[in-house]
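Quick note, the sequences are listed as chains X and H, same order.
The first sequence begins at 1 in my numbering and counts up one residue at a time.
The second sequence begins at 225 in my numbering and counts up one residue at a time.
In short, the hints are calculated from the structure, not lab data.
No more than 20 Å apart at the CA atoms, straight line, and that leaves these computed lysine-lysine pairs for PhoX-like:
no. : chain 1 : residue 1 : chain 2 : residue 2
1   : H       : K248      : H       : K273
2   : X       : K21       : X       : K58
3   : X       : K181      : H       : K296
4   : X       : K43       : X       : K21
5   : X       : K21       : H       : K296
6   : X       : K200      : X       : K19
7   : X       : K177      : H       : K296
8   : H       : K296      : H       : K273
9   : X       : K75       : X       : K200
10  : X       : K58       : X       : K19
11  : X       : K19       : H       : K296
12  : X       : K177      : X       : K117
13  : X       : K200      : X       : K58
14  : H       : K248      : X       : K58
15  : H       : K265      : H       : K248
Beyond 10 Å from chain H on every Cβ pair, some chain X residues (computed):
no. : residue
16  : Y78
17  : Q82
18  : E110
19  : M116
20  : E124
21  : G146
22  : D151
23  : V162
24  : P203
25  : E211
Owing to the predicted nature of the structure, the values given are computational and were not obtained by experimental measurement.
Idealized CB from N, CA, C, for every residue including glycine.
The lines below spell out each chain.
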Amino acid sequence: MFLNPEFQATVTYEDIGGKTKATFRQLFETVAVYDKVKGFVPKANEENFDRLESVLAKTNDSSTNYQGDKSMSSKPTYEQAQLHLQVYEQRREARLRQARDWFFQNYFPETFEDAMKIASPGTEGGIFFGMVAGYWEQTCALLNYGLLHEDLFFETSGEFFVLWERVRPIIAQGREKFVYKQFLAHVEQAAQRYEAWIEKRSPGHIAAMREFMKMMRPQVAKAA
Amino acid sequence: MSALNTRILNATPAQVFQAWADAKLLTQGWGPNGYTSTFHKFDFESGGKWSFILHGPNGTDYQNEIEFVEVKQPGGIVLQHVSKSRIPGYGDL
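Whenever a hint applies, use it, and build me the whole structure from the sequences.
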């Protein structure tokens, strides 16, 4: 990738359970060019991965906030605490509470078709799903824009992460069907941040929680 | 005609993507060992331009002009390296 031959490069990132499989494919215009560079390009690219790794290690250590704000390692400001409580006040609203209860007891889709059955548009389930998804997408957006204090938020709310885990099996299809790539994108980003955050503080917690959620699923299915 | 490098990185895809998106992080993580870079333009978005000088360990500067053909998160990045120049010992590429 270095020095200056013409090429097209494609970088891909694949989630493999908290880690990332990264590929760097470099396509050269002609065999002649490739022949000239093949002696050093693969090695140079490996070295570039080494450097990327050390940057990632550094950012993980210093808990760099992805938005580049300084909320993470510092105390929440009065403003952040205010907004935090405001968001909590909204969450306590009677109908939203009902919707949240419904969601956590009933929403276990494995396919997009399941999801459409459990929360069909126009039914109470559909409305409840919309309320829960809408509330957490909005709240996570405030977090991702750096308006909420990350530590404070992650220390006191984990529900958005459960929401993300529940929709994960169907999200790709949902986004495709509705041609809406941003659907729950803030929840997704917050969930990824949370996973990195909690993994540093309580390694293994996410795995334990996923196990627990798996156990819950059949019971609920039976009860339903 | 193509080279493929693969690496398992101890970070989430969002974090890896961020290491690309943040010019400050990318300057630290870009290039083979011993190379540093000076960014002049870094528009990390589809169609955006990335222009920088790669400073070689032996003092040679390499001007790099890159276009981000596609940038999407999650997923990946496609970039087109458009500058042509001479590499000592390798001739005109």
